[in-house]
Each structure stands twice: as structure tokens, then as C-alpha cells.
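Q: Sequence order for the protein chains is A and B.
Following our numbering, the numbering of the first sequence begins with 1 at its first residue and continues without gaps.
Following our numbering, the numbering of the second sequence begins with 185 at its first residue and continues without gaps.
Because the hints were derived from the structure by calculation, they are not lab data.
Yeah, the Cβ is synthetic: ideal placement off N, Cα and C, and Gly gets one too.
Misleading hints may appear alongside valid ones.
[Said to hold, decoys possible] Beta-carbon label-pair distances, calculated as ranges:
| id | chain 1 | residue 1 | chain 2 | residue 2 | range |
| --- | --- | --- | --- | --- | --- |
| 1 | A | Thr-151 | B | Val-186 | 37 to 43 Å |
| 2 | B | Val-214 | A | Thr-153 | 51 to 57 Å |
| 3 | B | Gly-219 | A | Thr-164 | 32 to 38 Å |
| 4 | B | Ile-239 | A | Thr-105 | 39 to 45 Å |
| 5 | A | Ala-102 | B | Val-214 | 51 to 57 Å |
| 6 | A | Thr-151 | B | Ser-252 | 18 to 24 Å |
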Amino acid sequence: MGVASPTNKRAAAQAIFSEATRAAAAEETNAQAILDETTRAEGAEGSLGQRITDDIADEVIRASGEEAALVQLILGEKTRAEGEEATNAQAILDEQTRAEGAEETLTTETERLANQQNQLIGHNIHYGFRVCGTTSQNCNSGNILVFNENTRTDFGCHVVPDATAYNISTYKYTVPIDGYYFWL
Amino acid sequence: MVIIFGFKLFMNSASSDSDRRYGIYVNNAVYAFGGQYVGTGENFSLNKYCTQGDIIDVRCYLGPVTVSLNPGHSWFFGWRIGR
């Protein structure tokens, strides 16, 4: 093998130096690219975090508003129900008062009609009696006279309207209740 | 109610010279009686405001006397004349 000349050595060194320079430049370029990519990724990450934070905040605000509206709706419904309940209670009370008044009127009217009926009946009925005896009696002081006959129509005996008003065993007349007899 | 009560009695043994009396009794108490003496006949009537349950009868207030209670001889009566 032959010995390299100085010229060749210089060319080879030059080539090596060039290659080293190119490699260094390439490495620098790559490093810059990596740095750029890192910067970009960090920026993207920051944007995503901010967007997520903003979205969460918006959702919280939206949910809070919705909850407030729901509470307001429930409150309104409760107020409406309470008003309706009060109205119903008043209506029931009014109806009860009206029914009681009607019942009282009916009772009064019933009593009035009963009184009128008794008056009409009483005035059209003959309350009376005539009785006689069947034998002679020796009377001492305090003796009740023995009128023991109440059916002798030939002598006008009668007890009306209720034959039991005169007792033919005790010879006493008991005043009957007034105005409740139908005498046909 | 107002009721008129009365009676008529046929005396078998009239007494005009000593006290003999008949009376109308209300609830076992004398309410009215006749004169001091009885003759051959005794009668009177009265009106009485009665209430339900009042008990009326005729009694010898002061005896003794004998009376015929046969039909047509003696009777006891009453009738209502008002409420």
C-alpha cells in the first residue's frame, strides 16, 4: 500500500470537518425542532387546560342558574297549592255554614208545621166524656162516686177521643194530651 | 186546655137539715163543692184550665148520704171548650 500525500490528507481532513459541521448543524436543527415542538405542546396543553377550566366554570354557572330556577318553580308551586288549599277550606267552611243554616231553618219549619197540625187537629176534635153508674151508693166523707159506666149510648155515655182517659175502675178522668188525636 | 166539668146526682136520702156536700176533686184535692145541704138533686159545673195528666173525679165531701148512680139518675161529665 502506498503512503498518502499531504494533499490527500488535507482533503480528507476537510471532508471530515465538513461532515462534522453538517452533523452539528443538523443536530442543532433537530434540537431547535424539538424545542419548538415542546413549546408548541406546552402551549396546546395550556390552552386545553384553560378551556377545560372555562367549560367547568360555565357548567357550574349554568347548573347554578338551573337550580335557582327550579327552586323558584317549586316555591311558586307551593304558594299556588297553599292558595288553592285556603280557597278550598273557605269553600268548605261556607258550605258547612250554609248547610247548618238550612238545617236550622228546616227544623224551625218542621216545628211550625207540627204546631199548626196540632192546632188544626185539636180544634176539630171533641174532647169530652159523660159517664154514669149502675147502682145506688152509700157515701161517706171522701168516698169517690162509682161512675163505672162509659158505654151506655142510650144515656149518652161516651169518652172521646181516647176512651182510656176515663178509668171505669178508679172512676177518675185523666186529662189527655192536647191536640194529638185523630178521631174518625 | 179549658174544660168544663159537672155532675148531677139523684139523692135517695135527701138531707136538708144537716151538712151534706159533694165536690169535684182535682189531683186528689177538693177543687169545688156544693152548698151546705143537699136536697133531692145536687149538681153544679165549673170551668177549669187543665194540663195533661190532671185527674178529675167526684167525691162525697161530707157524708154520709145515699145516692142513686143508675143511668138517667146521675152522671159525671166534661168537655173541652178551649185550648
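Q: If a hint holds in the structure, say so; if it does not, say that too.
A: Here is what the structure says about each hint:
{"no.": "1", "hint": "A/Thr-151 - B/Val-186: 37 to 43 Å", "verdict": "violated, 26 Å"}
{"no.": "2", "hint": "B/Val-214 - A/Thr-153: 51 to 57 Å", "verdict": "violated, 32 Å"}
{"no.": "3", "hint": "B/Gly-219 - A/Thr-164: 32 to 38 Å", "verdict": "holds, 34 Å"}
{"no.": "4", "hint": "B/Ile-239 - A/Thr-105: 39 to 45 Å", "verdict": "holds, 41 Å"}
{"no.": "5", "hint": "A/Ala-102 - B/Val-214: 51 to 57 Å", "verdict": "holds, 54 Å"}
{"no.": "6", "hint": "A/Thr-151 - B/Ser-252: 18 to 24 Å", "verdict": "holds, 19 Å"}
In this structure, the earlier hints numbered 1, 2 are contradicted, and the remaining ones agree with it.
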